[in-house]
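Visitor: Position chain S against the provided structure of chain A, taking the given hints into account.
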Amino acid sequence: MQLLQSFAAGLCLWFCGSSGPELPVRHSIPLNIPEPSDLYFAPDGQSVWIVSDKGRIYEVDRAGKTVRQKRYKGHDFEAVCLYDGKLWTADETYRRLMAFHPADLSLAAERQYRVPGALNEGWEALCPHPRGYGLLAVSEKDPVRAFTFSADGELEGDQILRGIPEVSGICLWKGELWAVSDEERRVYRLSADFSVLGSWKIPVLNPEGIAIAPDGSLWIVSDDQHRLYQFDLPV
Amino acid sequence: MVLLVLWMPLAGQAQRALLVGKQHAAEFNTTLNAWALIPGDGQAPLLQLRDLRLGIEGTRSGKWEYKFQLDAANFFNDSLRNAVIDAHITLDLPDQFDIIAGYQLLPFSRNSIIGFRHSPFYQRSLLSDNTLFSRRDLGITLRKQAHFDHLAGYLGVYQGTGRILPELGRNAGISVAARGEFAFPVRFRHEEIDLRISPMPRGVIGVNVLGSTHRRDSVRFLQPFMTRGAKWLAGIDAAFCYRGLSLQAEMLWAIVRPRPAQQTLGDIPLNYETAGGYLSGNYYFKALNSLLAFRYERFAAMPLPESRQAASARAAWNFLISNDLKRMLRVEYCFYSQGGWSSPDPALRRGLRAGLQVSL
Chain A
1 MQLLQSFAAG LCLWFCGSSG PELPVRHSIP LNIPEPSDLY FAPDGQSVWI VSDKGRIYEV
61 DRAGKTVRQK RYKGHDFEAV CLYDGKLWTA DETYRRLMAF HPADLSLAAE RQYRVPGALN
121 EGWEALCPHP RGYGLLAVSE KDPVRAFTFS ADGELEGDQI LRGIPEVSGI CLWKGELWAV
181 SDEERRVYRL SADFSVLGSW KIPVLNPEGI AIAPDGSLWI VSDDQHRLYQ FDLPV
Chain S
1 MVLLVLWMPL AGQAQRALLV GKQHAAEFNT TLNAWALIPG DGQAPLLQLR DLRLGIEGTR
61 SGKWEYKFQL DAANFFNDSL RNAVIDAHIT LDLPDQFDII AGYQLLPFSR NSIIGFRHSP
121 FYQRSLLSDN TLFSRRDLGI TLRKQAHFDH LAGYLGVYQG TGRILPELGR NAGISVAARG
181 EFAFPVRFRH EEIDLRISPM PRGVIGVNVL GSTHRRDSVR FLQPFMTRGA KWLAGIDAAF
241 CYRGLSLQAE MLWAIVRPRP AQQTLGDIPL NYETAGGYLS GNYYFKALNS LLAFRYERFA
301 AMPLPESRQA ASARAAWNFL ISNDLKRMLR VEYCFYSQGG WSSPDPALRR GLRAGLQVSL
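Residue numbers (our numbering), protein chains in the order written: chain A, 1 to 235; chain S, 1 to 360.
For the record, the hints were derived by calculation from the structure and aren't laboratory data.
Misleading hints may appear alongside valid ones.
[To be verified] Covered stretches of chain A, going by a simulated chain S footprint (3 or more residues, C-beta under 8 Å):
no. : stretch
1   : 24-30
2   : 66-78
3   : 195-208
Beta carbons: idealized from backbone N, C-alpha and C, even for Gly.
So here's chain A without its partners, still in its complex pose:
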């Protein structure tokens, strides 16, 4: 019955041709980085940290030029964020959170967890928790699940996110969450309690990461296109 309802709703959507508004690209910057997965702006907005599937952390300037990089062999970094003065990454395959010192990208701490699913169904997204302390990590799909961590890295619990079929990146901006979905090619705005407040299509192939710069502009990184895209924040 649920399948039939889903099919009927899709049929209406397809005939009406409505899949929501699409955000126009304001600017794009090529990157010399293979398989970029996520990004996070430095507090001064002058540089961006980017992580890749091959266990590399990059710092690039606003023109997309790599300023420095460091490799941690054998890791699959899918997400990055700055929290408590450290750069945190999520290693999807090995179910690990790792913290680095931003000054020299040296390892500060790491911790491994048990997360259900296949090897490529670990965490895809990571950001400071909207409650004001700790971290929030999100798994990709089947189902999309949000994991809450305490300030000292203890896994406190998880809950299923309704209304988003797949998540590839997430960030926190002014108490709200912004997520991007690779398979849906869509950006979602969520409240602090994970209710979906709106969504917009984006003309980007394989969008893997999302960040909002200190000036309030929305940035997406494309894995397949290895390129940064800038949008106006749709609020």
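Guide: Below, chain S without anything else, positioned relative to chain A:
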């Protein structure tokens, strides 16, 4: 099988990833693909288990990967058929190339390389269904991807364990395979369905060759036939996708030369050439979780007097239950077949099939 189908959605929620120490992670996976032939036109109903795969794969330190996979359906359908379909390790040499060693897929034919769960049909094309060459063998492959994966190259040497029919036993000779791919304007994964509804046109072209000098699996056109000799195959393929539309085309040319030179066995010419290919396409209606697909293929041989050519056409509708390829319902209709498709293989018969595919 019913129990398995009921179990699979539950298993999807389970802990399938296994962490062994800090640098070793593995996962268990399963795939079920089964269909029923809807009786009609004098046909008897038929239930076919296409795949029942159980596998484990893992990675250590991001440097080593391994994969072991059994297809129990092979055993159920023919007890002589090899149930092992993958048993190999991959060594990733950073910034150089990958080495794949063990029992593996040969890097030949785009359709053959793509995992079957990405196919919208119940049967691969004749070009890549083991009729014209053995898809798997024991050996070593070097793989190099470059320029953001726009370019990919494969070169492999294989020992001859691979065989087209179990009755033929082991092959005696060494095979060599090579393949090159060029994707534009971005990398093109080994997929046939545009699940991401690509916002830009994307394409890939590939060329490949496969040769052996003393194989025993050289085939009589459309009917595996043992003859020790040389076999050379060359192929080109291309794929394109844009906004949910995916198109694929592939051509192959095979030359079979028995050694010592033997022109006929009775009235069957053993010295022959085969050429042909397929055109296929599909469109993904994302809002409807539906995929419509078609395929037309045609092959001809020289100088065989009988079954000189074979052609078939089929269409399929897939319903993607989970909005991806993990759980699919499929109805497929083979509405045209000619020549060699009078094969006893039920997958090649004309008719309507309905079934499902579940992967975890």
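Visitor: Now tell me if each hint is right for this structure.
Guide: Checked hints:
no.	hint	verdict
1	24-30	violated (count 0)
2	66-78	holds (count 4)
3	195-208	holds (count 4)
Checked against the numbered hints listed earlier, the structure breaks hint 1 alone; every other hint is satisfied.
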